[in-house]
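Chains as they are written, first to last, in this note's numbering: chain A, 1 to 318; chain B, 1 to 318; chain C, 1 to 318; chain D, 1 to 318.
What the hints contain is simulated information worked out from the structure, not anything from laboratory work.
Hints are supplied without guarantee of correctness; some may be wrong.
Identical copies go unnamed one by one, so any copy, or any two together, can satisfy a pair.
As the list claims (entries may be wrong) - With a straight-line cut-off of 20 angstroms between C-alpha atoms, the simulated EDC-like cross-links for lysine to aspartate or glutamate are: (1) Lys11 <-> Asp180; (2) Lys151 <-> Asp286; (3) Lys151 <-> Glu282; (4) Lys125 <-> Glu95; (5) Lys133 <-> Glu123; (6) Lys11 <-> Asp286.
There are 4 protein chains.
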Amino acid sequence: MNAETQQQVEKLRQLALQVRNWGKWGADDELGTLNYITPEAIARACQLVTAGKVFALGIPLQRQGPQSGTRQRFNPIHAMFRDGGDQPTDIIAAEGYGGSDDWIVMPLQCVTQWDSLAHVFFEGKMYNGYDAKLVTSNGAAKNSIDKTKDKIVGRGVLLDVARYQGVPALDPGYAISVDDLEGTATAQGVDVQRGDLLLIRTGHMSRYLEKGNWNYFDLDSAPGVSVYTAAWMHAREIAAVASDNYAVEVRPSELPPFRSPFHICAIPNMGLTLGEIFYLEELAADCAADGRYAFLLVAPPLPVTHAVGTPINPYALK
Amino acid sequence: MNAETQQQVEKLRQLALQVRNWGKWGADDELGTLNYITPEAIARACQLVTAGKVFALGIPLQRQGPQSGTRQRFNPIHAMFRDGGDQPTDIIAAEGYGGSDDWIVMPLQCVTQWDSLAHVFFEGKMYNGYDAKLVTSNGAAKNSIDKTKDKIVGRGVLLDVARYQGVPALDPGYAISVDDLEGTATAQGVDVQRGDLLLIRTGHMSRYLEKGNWNYFDLDSAPGVSVYTAAWMHAREIAAVASDNYAVEVRPSELPPFRSPFHICAIPNMGLTLGEIFYLEELAADCAADGRYAFLLVAPPLPVTHAVGTPINPYALK
Amino acid sequence: MNAETQQQVEKLRQLALQVRNWGKWGADDELGTLNYITPEAIARACQLVTAGKVFALGIPLQRQGPQSGTRQRFNPIHAMFRDGGDQPTDIIAAEGYGGSDDWIVMPLQCVTQWDSLAHVFFEGKMYNGYDAKLVTSNGAAKNSIDKTKDKIVGRGVLLDVARYQGVPALDPGYAISVDDLEGTATAQGVDVQRGDLLLIRTGHMSRYLEKGNWNYFDLDSAPGVSVYTAAWMHAREIAAVASDNYAVEVRPSELPPFRSPFHICAIPNMGLTLGEIFYLEELAADCAADGRYAFLLVAPPLPVTHAVGTPINPYALK
Amino acid sequence: MNAETQQQVEKLRQLALQVRNWGKWGADDELGTLNYITPEAIARACQLVTAGKVFALGIPLQRQGPQSGTRQRFNPIHAMFRDGGDQPTDIIAAEGYGGSDDWIVMPLQCVTQWDSLAHVFFEGKMYNGYDAKLVTSNGAAKNSIDKTKDKIVGRGVLLDVARYQGVPALDPGYAISVDDLEGTATAQGVDVQRGDLLLIRTGHMSRYLEKGNWNYFDLDSAPGVSVYTAAWMHAREIAAVASDNYAVEVRPSELPPFRSPFHICAIPNMGLTLGEIFYLEELAADCAADGRYAFLLVAPPLPVTHAVGTPINPYALK
């Protein structure tokens, strides 16, 4: 390792240790910052729903999706086991009584998704100090996504940084700062509270939606949060953070050769659950229209045992 | 077709036509009874949440699951693309910075799930009169599950028929009647309203949970709703019905040679969304304890395009 | 259908009917021209092997392969169930005794492969008059690839048309004619016999091998056999034909709007087994060097029941 | 580790070191005993084919197969992408011109198969001393099956031990000894030569074929070769060994707690390629009838890069 790399390693190490929550909720904890969500906060968040509006934040699962095949991630492959064109096989079927069945092959992080706390390692460790080697070919023995099965619901807050800056989308490579987050919150008249599920809109996804294709969404440079926002999230005691880009954080990385320095602070050190590829366009338009940026967010993971991620279709309810 | 079969066909046909909702919400509708859910009802349902309790109703996705392989349904196959035991490939990885990635192969109806309205055909037709042949190898051109992507949230009501009858679980083969449903509602002090998401507990799943394995859950006889409850659900304008058995309805069938006569009434004719393999044990215990059988139910489908079902992890919030 | 299309349909129909072999080997036949291979021919072909040279004609199965995702064909997805980095789980494993296991997801026609006789339909029929509807979601009830499980071995003959024409590769769009085939055979000093497995080299694959990537191999224009060679193959009583391009036949098609008119003549009408994406470079170089263009070809299909294609790794033995 | 286990470890270690071939073909070798096959031997083996008979030794790939799901191995899942019941989508399709396409999900060792030399580890090493950690989530960096892509053809010899002992099938748990192998060869009048591909028939598979189902084939006790035959194979310089049971070797193991002691000697130490689940019934009957137990065996692996096994359909030609 050369001196420059060594310096970056040290820099990231300091940022990471600042936000480390290991042991905070006990030596056995596998939930991290989701522990900030209280029953009281959930009940209060439900009271935010007055209009009965529903915003589904999951993108479609289909062959033409955001994955280019890097890191072995491909788009969902859906196929049928039975369909409406099958020749009848018995008298009842001959009368037109039948059915259909289907299946899917997909990376668990190929669409709108939650990362589990087993998704990223720091110095050979996962969140709460678990050894990275506990993630084997059989999956994650600790910090798997099913541990959060009844945990991901609470007060959602949208910080629409793109709208705050008066642009349809932040520039690729733009690193969202703490000032951006605080400025947006102030401008929107919303406070960020302990236990919030924070949605940060960069507008980046709108570029692909307008083009009508997802090509290179996973590979292109993108706006996203700066690694230096990790301490702010830590201080604010955020429960989870999600964004409308591929990886929450800015691309290219602020701390090369690390590809995802914010991830390294957030997941293995802070124990912060991250959500990616969130579709925020309709929700953001509605928040801008009524000036209400806080809502109920319900985003249940699929309880896949030993899994390190999960596709989701979160509901924001206002 | 012999005379006896012909008689059964006629009987089912009459039951089915009684509950048919084709055209009710326009010739282009693909939502069926989910149309009964109004923004007002959603807002009211959210106000039911006062304690901030969360009940996750999805069973684990794992190799040891409820599928025996019939109808080509198998249990989820989960595997890793990257894990914590992989040899480092660069300097950064050598320092223990790394990550994990995974994927899954699964039938979309292998665990707790919603059937789409393209799942069952009646006389060669789907709900709203769409031709069954619109479900091809490419999936469903109409009535696919992604059409409901922002639709499955509302007032949930649990009818715990097993508890009403004072048994841990109804007998296999027991057909739940309208009297059972009404008696349960009365005893529990809950009214069933237009647009409700109705959860019916038979207790059947508890047999497998106690044994600690799912073997033959999909093949065994089971208690479930009678085909004769379809008219009641139609009259009550229920939005969706789910249960803790494999197929909502009783097994064996009340109308052989039809295997799933209730499905045939509900899905292609009424346009009623059905939910299967719901885990209701903890929710039911809580409802019995506090006497409150109505709650907020949020059960987002994965928006898989052209799909005829979706795995889910519904949240009941009280 | 407009007049021009109608004309093309008629033209193709005539070509197809000329080469039709329905009923030739009985009403129950599912092998087609593979019936031309006799035990005597196999024994004679084995006697051609004097040097003990082996040429493997299958391309690698890997993520970077020839499929762009059209017609839902993707490249093979390979992953591990167990690997050498997994943490030991018992005393024996702790001593370094362990193992590895893997799996694959792949279209059966994604690499070097045989088409089954159920792969293409003509006027709603498969080879030998079987109804195309016999190919359902459950696969092919007739003409599936496993029917040929012990049939694909015999005398292989290479016609290296590119070398005959003195070019590294024929031009994209070049339609190989009967004259080309006969001229090549004469120049090479090889006769084409009844029951031969005919390999036709266009040189097209070498373009991609030289570039070091397969991008658009499946979509690009390509040299290949003309639809007008079907009658010649029929007269010569060829058992199977394979080539080093994506589809044996020339692209773009000589008979638009048909995409694959040669396929339509060959598979459902003649009952001719086609092989695609064959790696012929080393074999061709060797044949040019020693002047021997006939050899033993052994190309066993995987006996996947009800399948319409199979990946293969054929051996040419000289 | 207790004293008894320690003793078994030592015993196996001695057996393994006796047959170790590391370095024998150079430090870079990844082929092991397949190196014994010479061009001359291949040419001679081809001359054995006089009748033109073909025996396909691969079992069907289908849902009802030999896998019970242990070690994550399941039976092949085959499905269609396009089929003959699909509604026409254009004018040409409306005329009945169409086609079918399919795909498969399968463990690479779920049917008749070759193990690669990366499949088993001994004291943290693979064949030729490569570190087991070179087998990562990305597959095997050394000793993968594609390295053998043009290597698995040669003189096949069947030793029909069951027939030699006058039984339809050896008893489950019966360990085939060196005496059995030599006695069989003598009785059959066949000599085992350097570079042979040795097929050993136990008759065990016939039990399942007669029952008409494969249930527990992978889990049941079975006859198979003794760990003490490894030295004999080493001395004879066999190129590969295959059998009609699940794991070549006897089950239960002769050296518990090792589950597969013969594998440990053969694969990582000797570098011997093993073949499993071979269908030998028809070949054996023919050999018994004509008294010729030597033949040409052609068993090409699928060249899956980085893979640790491959499904095959070997041809025995006589």
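List of violated hint numbers, smallest to largest: 1, 6
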